[in-house]
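Engineer: Which chain is which? The protein sequence lines are A and B, in order.
For the first sequence, the positions run 1 to 418 when the UniProt record's numbering is used.
For the second sequence, the positions run 1 to 479 when the UniProt record's numbering is used.
Be a bit skeptical, because a hint or two may be false.
The list that follows gives simulated cross-link-like pairs (lysine to aspartate or glutamate, DMTMM-like), each with its CA atoms no further than 25 angstroms apart [claimed, not checked]:
| # | chain 1 | residue 1 | chain 2 | residue 2 |
| --- | --- | --- | --- | --- |
| 1 | B | Lys-114 | A | Asp-335 |
| 2 | A | Lys-365 | B | Asp-400 |
| 3 | B | Lys-421 | A | Asp-8 |
| 4 | A | Lys-327 | A | Asp-242 |
| 5 | B | Lys-263 | A | Asp-8 |
Stretches of chain A that chain B covers, calculated by requiring three or more beta carbons in the stretch to come under 8 angstroms of a beta carbon on chain B [what the hints assert, rightly or not]:
| # | segment |
| --- | --- |
| 6 | 11-21 |
| 7 | 56-67 |
| 8 | 77-88 |
| 9 | 106-119 |
| 10 | 129-136 |
| 11 | 353-366 |
| 12 | 370-384 |
Examples of chain A residues lying across from chain B (beta carbon under 7 angstroms, computed) [as the list claims (entries may be wrong)]:
| # | residue |
| --- | --- |
| 13 | Ile-7 |
| 14 | Ser-33 |
| 15 | Leu-34 |
| 16 | Pro-37 |
| 17 | Arg-40 |
| 18 | Ile-43 |
| 19 | His-53 |
| 20 | Ala-192 |
| 21 | Ser-262 |
| 22 | Ser-265 |
I should point out that these hints are in silico values taken from the structure, not numbers from a laboratory.
Small disclaimer: the values here were computed from a predicted structure and weren't measured.
All residues carry an ideal CB built from backbone N, CA and C; glycine is no exception.
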Amino acid sequence: MDRLTTIDKLGILADAAKYDASCASSGTAKKNSLGGPKGRGGIGSTEGMGICHAYAPDGRCISLLKILLTNHCIFDCHYCINRKSSNVRRARFTPQEVADLTLSFYRRNYIEGLFLSSGIIKSSNFTMEQMVECARILREEHDFRGYIHLKTIPEADPELVYQAGLLADRISINVELPTDAGLTRLAPDKNARQIEGAMRNVNSDITETKDARKRFKHAPRFAPAGQSTQMIVGADQATDSDIVSKASRLYDGFKLRRVYYSAFSPIPDASAVLPLKRPPLIREHRLYQSDWLMRFYGYQAREVMDAADKDGNLPLDIDPKLAWALKFRETFPLDVNRAPRDRLLRVPGLGVTAVNRIIAARRHKSLRLEDVGKLTVSIAKVRPFICAIDWSPTALTDRADLRNLLAPKQEQLELFAA
Amino acid sequence: MSAHRQTEDNLHYSVSMLEPDDFAFWRHKARQLVQSNIPPERVSWSEAGGCGDLFSGGDTQLPPVPNDAATVRASKRFLSLAKNVVLHTDLERFALLYGLLWRQQSNPRIMEDKTDNDVRRAEELDKAVRRDSHKMHAFVRFRMVELENGEEHYIAWFEPDHHIVRANAGFFKRRFANMHWSILTPRGCIHWDGDSMRESPPARRGDAPCDDPTEDLWRKYYASIFNPARLKVSAMMSEMPKKYWKNLPEASLIPELIANAQKRESQMVAAGEQDFQAKPETLEEVGTAINRCRNCPIGDCATQAVMGEGPKNARLMIIGEQPGDDEDKAGKPFVGPAGQLLDVHLEKSGIDRKDAYVTNAVKHFKFVLKQTARGKIRLHQSPAAKEIDTCRWWVEAERDIVKPKLVLALGASAARVVFGKTVSISQARGKPIPLEDGSELWITAHPSYLLRLEGEARATQTQLFDADLAAVQQRLVQL
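Whenever a hint applies, use it, and build me the whole structure from the sequences.
Structural biologist: What follows is the structure in structure tokens.
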């Protein structure tokens, strides 16, 4: 075997990680590197909000060193570039190399920490042990207090996953595909029951350690940034409704912090069972918007599914909130001077910030349309759905062409959709 | 302003800030002004070195605060906002804040009125400062210099828009506690030696080191983590505006990454994508298409593709591995020695081959040429997993058209083409495996396997093979 240099390996193992959607480094326990057991302090901090240190031309932020420990894999999942039967060039880091790379990037302020994933070598347990070792070197030998996200392997021994959770800020277990049928077909070595079982274990470990910390100050932290998962969109026949309902079950069942959606991306050396074209990236965007509606706007999964078209997919030309509002026009217009917060959050074009501002401002005066305009990004989008002192849109909500008026221009969509 | 007493004079006052980011100083002066009941229009604020406004040069000595002055009121929100707004470069910021403080004395909840123009302006300034601080946290890039005593010193050059350097020193101290570092900026510098923080006057870009070998690794990472299939330049630009690029080592790669993205994506697609238009809808179309298929290299070496054969509504589909030498020449499946053996056993089990649709997992003959005493022969090679997966498309097309109730896979390659993964024949044989479309998969050995065995092993395996076929026949009757 030819010997690869660190830079070659980094190229191969970062390239292999580029299909992964998650990159967040926020929502963990606050830590800083002042003081501590070694007297002069360690290295690294997390202050709640994650920091995006760079942006790639694909618009995605770079917050963590996102790499694979190895892209060798004994599994043969069709959507995965690293599957056993793929001809991709292989490389493998030692845990020490990953730790060194993380530290030299961190010290130069390139990153917030490490996001480590891996192909499965030898066995699930062996691979998981190696990943835990990376985190151990960073935490114990270098007193690293930055962010660590470990992607755990559902087939590994729960004890190893527990070790990972003690060292990492966040752990994730990928559900891969929204339906069991999709998983059986595209990831024949994976098992939906096993994946959900692993999520359930992690969830109960998180709950138990949180409980313990309330009673004992020195109880260990376990994945303070919680657990997340990723689903591939567009590789199988699953509709947006299937995906949303799966996501909602995961949020409820395992208290996931985030569900990431990754539009199936053409991969070199793809398997023949995959679709020929990638789904439009805008579909992924619509799913994130619907996720947002469920997490911050109080929409039920059922309601997001109501916003979908007959084929079970969300419209691509308008956002899901507008789609819902157009379907349930009878609930509008809402009076900005009276409507409760949860209703105002349903108005297309009003975000959480704008709603908070409206509620604060209306304690001082009765709002006119012009006032609302000062509090929102675009009054044009909001206007048909609200009433203010000097404004009532009754004629507008009845218009059959309202959708066309509010939807962005079609040509634009085509141009930027891809 | 009826609550305020009128001051006796009508003088203008000017306050000169000693440091542009000194909030404590501003607060002290502003409190004094409010307590002396001096309205905003009679105060001008200037920065040290600035030229002030028309009224500067007036009475800078503020009047003594009356003993019975009321306490100055300011909301929590105002204080946190003002701390940030002071750091902005806008020369009007001190006056703006004083105006808001003044108005709060009669309207303590003014900060909640987000439609008020002054409140909105202050929030805009606050936002700009927070953004600048955030970008400093994100885009400071240290370069490592090894000092003579062997210690490592990390030095960065950064150009903030606002007076944020001092205010953000704590962030870097908390993050890089055990490092020695300096952040040099045109607005002043901060230094941390592991124990204490020190400030120094403004620096120039040339004062910072110009290189660090680790940047090559970082650029490699940056280029590799970018997925060219998802180019979204505007999203990148809005978060990482061009003005920051000159101090980011990775930014030099951006133009080339963008320029080559489309080419790389089409290469990715071409390398991965099969040249299929739509799945064929008739067996004739499958037959034509597989002859043209070059999605894997096998297509080039064979004489012809070998299409399945049998009734197009057969209840049983038998799938072998791939055509051999004889099949390749004849263009028909299972005509060679293995096919003849299969016929014998099918007949024994009572299955009529004419009722079954017989096909192969892989449609082209794969071989290597071998020199023998009798000249060159074409030596059969087993298909690779990748080749089987590529051909799965065609086998699925055949299954979609024929819609068999039962699929009999002969050997591991056939099992993989239906099942999608490699299975152990010994474990999977002799029992039905339900498939997505409602049909059943049965797995057994390939007859050529029997041909290779001798003696007792052959007898045992032949018996197992017959048992499997008998079970299939029985199941077919039930279905």
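Engineer: State for each hint whether it applies.
Structural biologist: Hints, verified against the model:
Distance hint between Lys-114 of chain B and Asp-335 of chain A is fulfilled; the C-alpha atoms sit about 18 angstroms from each other, no more than 25 angstroms. Simply put, Lys-365 of chain A and Asp-400 of chain B have alpha-carbon atoms about 67 angstroms apart, too far for the 25 angstroms limit, and the pair is violated. At most 25 angstroms may separate the alpha-carbon atoms for a hinted pair to count; Lys-421 of chain B and Asp-8 of chain A exceed this at roughly 31 angstroms. As the CA atoms of Lys-327 of chain A and Asp-242 of chain A are separated by approximately 20 angstroms, the hinted pair is consistent with the 25 angstroms bound.
Of the supplied pair hints, the one linking Lys-263 of chain B and Asp-8 of chain A holds, its CA atoms being roughly 22 angstroms apart against a limit of 25 angstroms. Under the rule that three or more residues need a Cβ within less than 8 angstroms of chain B, the assignment of the segment 11-21 of chain A holds, with 7 such residues. Coverage of the segment 56-67 of chain A by chain B holds in this model, with 10 residues showing a Cβ closer than 8 angstroms to a Cβ of that chain against a need of three. Only when three residues or more bring their CB closer than 8 angstroms to a CB of chain B does the claim for the segment 77-88 of chain A stand; here the count is 5, and the claim holds.
For the segment 106-119 of chain A, the stated coverage by chain B holds: 4 residues have a C-beta nearer than 8 angstroms to a C-beta of that chain, and at least 3 were required. Look at the segment 129-136 of chain A against chain B: 0 of its residues bring a Cβ nearer than 8 angstroms to a Cβ of that chain, fewer than three, so the hint is violated. Residues of the segment 353-366 of chain A with a Cβ under 8 angstroms from some Cβ of chain B number 6, which satisfies the need for three, so the listed coverage holds. Residues of the segment 370-384 of chain A lying with their CB closer than 8 angstroms to a CB of chain B number 3, which satisfies the three-residue condition for coverage.
The restraint placing Ile-7 of chain A at the interface with chain B holds, with a minimum CB-CB distance near 5 angstroms, inside the 7 angstroms limit. Interface restraint check: Ser-33 of chain A against chain B, minimum CB-CB distance 4 angstroms, threshold 7 angstroms, status holds. Contact between Leu-34 of chain A and chain B, as hinted, is supported at the beta carbon level, the nearest pair being about 5 angstroms apart and thus within 7 angstroms. For Pro-37 of chain A, the suggested interface contact is broken, since its CB lies about 12 angstroms from the closest CB of chain B, more than 7 angstroms.
The restraint placing Arg-40 of chain A at the interface with chain B holds, with a minimum CB-CB distance near 5 angstroms, inside the 7 angstroms limit. At its closest, the beta carbon of Ile-43 of chain A sits 6 angstroms from a beta carbon of chain B; the interface hint therefore holds under the 7 angstroms criterion. For the restraint placing His-53 of chain A at the interface with chain B, the shortest Cβ-Cβ distance is roughly 5 angstroms, inside the 7 angstroms limit, so the hint holds. Checking Ala-192 of chain A against chain B: minimum C-beta separation of about 15 angstroms lies over 7 angstroms; hint violated.
A hinted interface residue such as Ser-262 of chain A counts as satisfied when its beta carbon comes closer than 7 angstroms to some beta carbon of chain B; here the least separation is about 10 angstroms, so the hint is violated. Interface hint status for Ser-265 of chain A: upheld, as the beta-carbon distance to the closest one in chain B is roughly 5 angstroms, under 7 angstroms.
Violated hints, listed in ascending order, are 2, 3, 10, 16, 20 and 21; each of the other numbered hints is respected by the structure.
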